[in-house]
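Asks: So you can see what is in the structure, the chains are spelled out below.
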Amino acid sequence: GNSVTQMEGPVTLSEEAFLTINCTYTATGYPSLFWYVQYPGEGLQLLLKATKADDKGSNKGFEATYRKETTSFHLEKGSVQVSDSAVYFCALWPFTSYGKLTFGQGTILTVHP
Amino acid sequence: DAGVTQSPTHLIKTRGQQVTLRCSPKSGHDTVSWYQQALGQGPQFIFQYYEEEERQRGNFPDRFSGHQFPNYSSELNVNALLLGDSALYLCASSHDWGTQNTGELFFGEGSRLTVL
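The listed protein sequences correspond, in order, to chains A and B.
Numbered per this note's numbering, the first sequence spans residues 1 to 113.
Numbered per this note's numbering, the second sequence spans residues 1 to 116.
These are computed hints drawn from the structure, not numbers from a lab.
Just so you know, not all the hints are guaranteed correct.
As the list claims (entries may be wrong) - If we take Cβ atoms under 8 Å as the criterion, some of the chain B residues that face chain A in the derived model are: (1) GLY42; (2) PRO43; (3) PHE45; (4) GLY103.
Said to hold, decoys possible - Straight line, CA to CA, 25 Å or less: simulated BS3-like cross-link-like pairs of lysine-lysine: (5) A:LYS56 / A:LYS100; (6) A:LYS100 / B:LYS26; (7) B:LYS26 / A:LYS60; (8) A:LYS100 / A:LYS68; (9) A:LYS56 / A:LYS77; (10) A:LYS77 / A:LYS52.
Every residue gets a Cβ at the ideal spot worked out from N, C-alpha and C, and that includes glycine.
Working from the sequences, and respecting the hints, build out all of it.
Replies: Encoded structure:
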């Protein structure tokens, strides 16, 4: 079946540090890949997405590249801010499965001033 | 433009009771999905409703049931509550996948259920 594995957290960084959150997936076919973010007390919001191999999704300074050869979709940001503190979820959608997103377990990011 | 709204935001029940959670989708959306998010875990798919019918279901027992109304709003019902049902229940809306297929879901803030 489909699955998503995220790096174990939590992750604690100082402001302006470089961020990487690893995500690998297992799926048949060619899924679409997403990063969702959940700020404290809020629902999940789409951060970025990529729908085919070698696509790069980007938003708010975050980037992730769909790597089919390594089945990965790592999230990166060059300089994090305190306001980036949140829980980040990697997810896949196998295209053939309507709206059933499969999520990773989430990575808690805390950024200190 | 209102996003996805859910009610209630918090509720406490005891084992064996029944609960109903409600969701109004984002304007223009016709598909509603429900997810369960246990503490420290990622959301798990419960089921999806489209055209007032359950279109797909995850690995949840029959105690979990739902409904979609003609105005696209939806309810999630859980019977015979167990302690393990304590979680954040998220509603997500989207366009029907077939013609406007973006893969993006819009989530509400969730209903936090505590079962004692």
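Asks: Taking the hints in turn, state whether each one holds.
Replies: Verification of the hints:
1. GLY42: For GLY42 (chain B), the interface hint holds, since the closest Cβ of chain A sits about 3 Å away, which is under 8 Å.
2. PRO43: holds, 5 Å
3. PHE45: With Cβ-Cβ at 5 Å, under 8 Å, it holds.
4. GLY103: holds, 4 Å
5. A:LYS56 / A:LYS100: holds, 22 Å
6. A:LYS100 / B:LYS26: holds, 18 Å
7. B:LYS26 / A:LYS60: holds, 23 Å
8. A:LYS100 / A:LYS68: holds, 21 Å
9. A:LYS56 / A:LYS77: Roughly 13 Å between the alpha carbons, so the hint for LYS56 (chain A) and LYS77 (chain A) holds.
10. A:LYS77 / A:LYS52: Holds, at about 21 Å.
In summary, this structure violates none of the numbered hints.
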